[in-house]
Amino acid sequence: MGDDSSRSWLALGRLLFGFGVALQAAEDFRDMEDAIEYAESAGVPAPDLLAPLASGMMLVGGLGTAFWRLPRVSTGAVATFLAVVTPTMHDFWNADPDDRGGERLAFFGNLAMFGAAVTFLREAYSGD
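For what it's worth, our numbering labels the leading residue of the sequence shown as 73, then goes sequentially.
In short, the hints are calculated from the structure, not lab data. The beta carbon of each residue, even a glycine, is placed where N, CA and C say it ideally should be. One should not assume that every hint holds.
[Claimed, not checked] Cβ-Cβ distance ranges computed for the label pairs, FRET-style:
hint	residue 1	residue 2	range
1	Ser-77	Asp-106	35 to 45 Å
2	Ser-80	Pro-117	40 to 50 Å
3	Asn-166	Pro-124	35 to 45 Å
4	Glu-109	Ser-78	42 to 52 Å
5	Ser-78	Ala-167	35 to 45 Å
Construct the complete structure from the given sequences, taking the supplied hints into account.
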């Protein structure tokens, strides 16, 4: 695969990943009351403040990654969010049996997104 082709595929991956993250955050804004309630149920301190802040961070980080603007900040925000939220909010090993399957799915989905975010963060620091 040629260098230009590799860059094109990488740009497509960033675009899809970034928009996916941003759209997920936009969904949180559509129903912020549920997002706050979910954060509160997970023991997040000051959920009225932190849930909208986290959703905003994901929205801006996702769009920044998609359009490759301030890539270190954008991808860093997404990676940081996922590193914190994945094990704390989706701790399926502590979930009620009725919720365990959904939390496990969210955990592994976030884990996959975290892997992509780390890859794009590395790209941001490589200077390519």
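- Pairwise beta carbon distance, Asn-166 to Pro-124, judged against the given window 35 to 45 Å: violated, 25 Å
* Is the gap between the beta carbons of Ser-77 and Asp-106 within 35 to 45 Å? -> holds, 42 Å
Quiz item: Holds or violated: 40 to 50 Å for the Cβ distance of Ser-80 and Pro-117?
Solution: holds, 43 Å
- Item | Supplied distance hint 42 to 52 Å, evaluated on CB atoms of Glu-109 and Ser-78 | Roughly 44 Å apart at Cβ, these two residues keep to the hinted range, so it holds.
How does the Cβ-Cβ distance of Ser-78 and Ala-167 compare with 35 to 45 Å: does it lie in that range? holds, 40 Å
Of the numbered hints listed earlier, the single one contradicted by the structure is hint 3.
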